[in-house]
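Position chain E relative to chain G; hints supplied.
There are 2 protein chains.
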Amino acid sequence: MRVGIIGLGLMGGSFALAIRKKYEDLEIVGYDHNDQHTLEALELGLVDRVAEELSEFRDFDLIVLAIPVDAIVATIKQLTFVSPKTTIIDFGSTKKKIVDEVPESIRENVVASHPMTGTEKFGPSAAIENLYRGKVIVFCDIEESGTHQAKLARELFSKLGMKIFYMDASEHDKHAAYISHMPHALSFSLANSVMNQENPKAIIALAGGGFKDMSRIAKSSPNMWGDIFRQNRENVLEAIKSFRKELDFCEELIRKEDWDSLYSWMQKANRLHDIL
Amino acid sequence: MRVGIIGLGLMGGSFALAIRKKYEDLEIVGYDHNDQHTLEALELGLVDRVAEELSEFRDFDLIVLAIPVDAIVATIKQLTFVSPKTTIIDFGSTKKKIVDEVPESIRENVVASHPMTGTEKFGPSAAIENLYRGKVIVFCDIEESGTHQAKLARELFSKLGMKIFYMDASEHDKHAAYISHMPHALSFSLANSVMNQENPKAIIALAGGGFKDMSRIAKSSPNMWGDIFRQNRENVLEAIKSFRKELDFCEELIRKEDWDSLYSWMQKANRLHDIL
Chain G
1 MRVGIIGLGL MGGSFALAIR KKYEDLEIVG YDHNDQHTLE ALELGLVDRV AEELSEFRDF
61 DLIVLAIPVD AIVATIKQLT FVSPKTTIID FGSTKKKIVD EVPESIRENV VASHPMTGTE
121 KFGPSAAIEN LYRGKVIVFC DIEESGTHQA KLARELFSKL GMKIFYMDAS EHDKHAAYIS
181 HMPHALSFSL ANSVMNQENP KAIIALAGGG FKDMSRIAKS SPNMWGDIFR QNRENVLEAI
241 KSFRKELDFC EELIRKEDWD SLYSWMQKAN RLHDIL
Chain E
1 MRVGIIGLGL MGGSFALAIR KKYEDLEIVG YDHNDQHTLE ALELGLVDRV AEELSEFRDF
61 DLIVLAIPVD AIVATIKQLT FVSPKTTIID FGSTKKKIVD EVPESIRENV VASHPMTGTE
121 KFGPSAAIEN LYRGKVIVFC DIEESGTHQA KLARELFSKL GMKIFYMDAS EHDKHAAYIS
181 HMPHALSFSL ANSVMNQENP KAIIALAGGG FKDMSRIAKS SPNMWGDIFR QNRENVLEAI
241 KSFRKELDFC EELIRKEDWD SLYSWMQKAN RLHDIL
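One line per chain: the protein sequences are G and E, in this order.
The letter at position 206 of the first sequence is residue 206 when you use the working numbering, and the numbering goes up by one with no holes.
The letter at position 18 of the second sequence is residue 18 when you use the working numbering, and the numbering goes up by one with no holes.
Hints should not be assumed to be uniformly reliable.
Because identical chains share one entry, a pair is satisfied inside a single copy or across any pair of copies.
Here are the simulated BS3-like cross-link-like pairs (lysine-lysine), alpha carbons at most 27 Å apart as the crow flies [said to hold, decoys possible]:
#1 LYS241 / LYS201
#2 LYS212 / LYS241
#3 LYS212 / LYS256
#4 LYS121 / LYS268
#5 LYS256 / LYS135
#6 LYS159 / LYS85
#7 LYS256 / LYS159
#8 LYS159 / LYS241
#9 LYS256 / LYS245
#10 LYS219 / LYS77
#11 LYS219 / LYS151
I should point out that these hints are in silico values taken from the structure, not numbers from a laboratory.
Nothing here was measured: the structure is a model prediction, and the numbers come from that model.
Excised from the complex, chain G in its bound form (with noise of 0.2 Å):
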């Protein structure tokens, strides 16, 4: 299987280490704008070698769009070449956008899909073999992709052992927006409001494990979630709403020192967990 991987970030670079793992005679093809990432690439052997142009790709089994996602949108337009039989598949974080910017002319061969997985780290050094391993890969819209497109993700992801779901390409947005957009949202704000405090440092020196983690995507890249909120606005903003209701709530009773009541509201975030 010849296989082209564009943008070999921790995305991409993860990608590769894993599925070279579950593919025998397998070509690992890299391409990245950044000469330093296609370098890198090279040198941790995440790829056999790097594409100049991505018409190298025409004839490929599988395409892989690890990159942001206005990116991925510039990109799959220029994949109107590729054979009927490869098959396209994009990582965005956000789907509808997308969907609705895939050529007709090679509908069939894209399958969007979004993996639920990552880490605050960014650039091939931060590739990890076991990032897909047990995660969720959510496809949208997949009535839309053809069947054997459809089959060849399908094995794919199953082989990395990830979950599958699949959902229509609004529905995704709607809920990434709850599970993952306004989420980096908080943690940004949350690190911005302790560096904006007069002593950061003394503050910061206290951190526990709960901060740590809240903070933790606070370091992810601002390129693309830049791009994320753009693609998402809405959504992203309606979450926010949201959330900031249920801060007010919280805030109101501590203000109003209605112990009870926060009480009940602790508890039913409690709850959260029986289901995570």
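Below, chain E without anything else, positioned relative to chain G:
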């Protein structure tokens, strides 16, 4: 050394496990209002025996208070019978109210401390031996403690591998509001904002590491956290205000589609991790 541990949950139980490894010739006696907890603590071997009455701790070398902060205030007032050599260490997450309420006659016995560690779990079965190792402990208003007591506390927590910080109780409470108490309010709010959606299960099915990390402390005990929010009310409200200012700013930038400013704002948040 004879050690009394009042409160046999996560903090008290883990403390018992940790000191057992560091001191020979140790008797650890537990005390807990909850009979189930004392039974479990005995079964798990956390303590050698349990006390029926606080007065049994009269001549003990060390008494540790690992109970919710309101209970610390109430209990410490009942410990006026202790010998002049006894060291009383409380593990409360808030400090100002506690130091203000220590009876004058035993003020030198008390070392007001806050170990910056924990997990979202509770009860004796949650106890783990390495909860304290490598973590920060804050001693507040240490100049009010007796020389003997301050020395014992320093030696004890150094042996457990903790990093000791010294701080004014009021300053501690302000910092703790930012680094611990307000983040708990956020985590509870995040959990409830998802639980309030039409289909929380469908959303939570997609949860990756980011959401899991951010909602982990929403599992914490409403009992314990009600007390903390009550005792540190002013500072918690202030920290929530400061957080909300950041979230409002983030929301406004997304609403106005001011992506450049959003980028800079996220970059600033990234810098937290140069300090953390």
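Practice task
Up to 27 Å between alpha-carbons, please classify LYS219 paired with LYS151: within, between, both or neither.
Solution key: neither (36 Å within a copy, 39 Å between copies)
Handout entry: Intra- versus inter-copy proximity for LYS159 and LYS256 (alpha-carbon distance at most 27 Å)
Key = Intra 54 Å, inter 43 Å, cutoff 27 Å: neither.
Problem - Homomeric proximity label, LYS121 with LYS268: Cα distance no greater than 27 Å - result: between (33 Å within a copy, 16 Å between copies)
Practice task
Check LYS256 against LYS245 for me: Cα-Cα at most 27 Å, and say if that holds within a copy, between copies, both or neither.
Solution key: Both ways: LYS256 and LYS245 sit 16 Å apart in one copy and 21 Å across, limit 27 Å.
Practice task
Tell me, please, which holds for LYS159 and LYS241 at an alpha-carbon limit of 27 Å: within, between, both or neither?
Solution key: neither (39 Å within a copy, 47 Å between copies)
Practice task
Have a look at LYS212 and LYS241 and pick one of within, between, both or neither, based on CA distance no larger than 27 Å.
Solution key: Classified as both; 25 Å inside a copy, 21 Å across copies.
Exercise for the section: Have a look at LYS219 and LYS77 and pick one of within, between, both or neither, based on CA distance no larger than 27 Å. Expected result: neither (31 Å within a copy, 45 Å between copies)
Exercise for the section: Give the relationship of LYS212 and LYS256 under a CA distance limit of 27 Å: within one copy only, between copies only, both, or neither. Expected result: neither (30 Å within a copy, 30 Å between copies)
Practice task
Could you figure out if LYS256 and LYS135 sit no more than 27 Å apart (CA to CA) within one copy, between two copies, both or neither?
Solution key: The answer is neither: 42 Å in one copy and 35 Å across copies each exceed 27 Å.
Practice task
With 27 Å as the alpha-carbon cut-off, assign the pair LYS159 and LYS85 to within, between, both or neither.
Solution key: Intra 20 Å, inter 65 Å, cutoff 27 Å: intra-copy only.
Practice task
Give the relationship of LYS241 and LYS201 under a CA distance limit of 27 Å: within one copy only, between copies only, both, or neither.
Solution key: between (31 Å within a copy, 20 Å between copies)
Hints 3, 5, 7, 8, 10, 11 from the list above are not met by this structure, while the remaining hints are.
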